[in-house]
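**Student:** Build out the structure end to end from the sequences listed, making use of the hints.
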Amino acid sequence: AALRAGTAVRAGAVGIGSRAAVTASYLQAIALWNAGKEDEGVAKMKAFIDSAPTEEWKAQASVTLACRLMNRGKADEAEGLFRSVVDAGDPTFSGFATMCLGDIARAKKDNAAAGAFYRELAEKFPASAFALQSGGYLLRKSLFDIQSPVRIEPVVEQK
159 AALRAGTAVR AGAVGIGSRA AVTASYLQAI ALWNAGKEDE GVAKMKAFID
209 SAPTEEWKAQ ASVTLACRLM NRGKADEAEG LFRSVVDAGD PTFSGFATMC
259 LGDIARAKKD NAAAGAFYRE LAEKFPASAF ALQSGGYLLR KSLFDIQSPV
309 RIEPVVEQK
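So for the sequence shown, this note's numbering puts the first residue at 159; every next one is plus one.
Check the hints yourself; a few may be wrong.
[As the list claims (entries may be wrong)] With beta-carbon atoms standing in for the labels, derived distance ranges:
#	residue 1	residue 2	range
1	ALA246	GLU198	23 to 29 Å
2	GLU213	GLU235	19 to 25 Å
3	PRO211	LYS267	37 to 43 Å
4	ALA189	LYS232	48 to 54 Å
5	ASP208	GLY247	16 to 22 Å
6	SER209	ARG230	21 to 27 Å
7	ASP197	ALA285	35 to 41 Å
8	ALA201	ALA270	32 to 38 Å
9	ALA205	ARG177	17 to 23 Å
[Claimed, not checked] Derived DSSO-like pairs: lysine-lysine, alpha-carbon spacing no greater than 27 Å straight-line:
#	residue 1	residue 2
10	LYS216	LYS282
11	LYS266	LYS282
12	LYS216	LYS195
13	LYS216	LYS204
These are computed hints drawn from the structure, not numbers from a lab.
Please read all numbers here as calculations on a predicted model, not as lab measurements.
The beta-carbon is built from N, C-alpha and C at its ideal position, and this holds for glycine as well.
**Tutor:** See below:
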């Protein structure tokens with residue numbers, strides 16, 4: 159049966175495990191968010207991550223959910239998802255996840271960890287858009303290349 163324009167594809171309407179079913183399942187979580195159903199969308203995306211058919215889908219969904227959680231002020235939950243992507247070594251999303259881990263550390267005022275994540279970004283993912291773009295590594299690196307001021311004694315003016 160042909161689908162009309164604007165008709166949503168439901169996972170049950172296509173073969174389980176088909177590309178359309180996978181895409182539909184992922185998009186259902188986003189549709190829930192767009193409808194203002196945050197908790198339902200989070201639960202749907204977590205279920206998708208748990209049953210993702212490939213590591214690439216798992217990484218993409220993990221990064222999507224982590225960003226959503228960060229925007230909701232849940233950086234601790236987001237951090238675990240970003241770490242899982244980096245630990246899995248996903249070639250597409252690890253650079254971005256590493257940069258985000260640095261941003262989370264910086265927000266926690268852990269400058270040593272933030273600097274380490276930003277250096278890791280530049281060293282492990284030198285061709286990543288996140289390492290090359292002006293808002294990525296270069297900007298973040300400049301925040302940690304600043305030397306602390308040296309205290310000097312005031313000059314006493316001679317009369």
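**Student:** Hints the structure violates: just list their numbers, smallest first.
**Tutor:** Violated hint (a single one): 4; every other hint is consistent with the structure.
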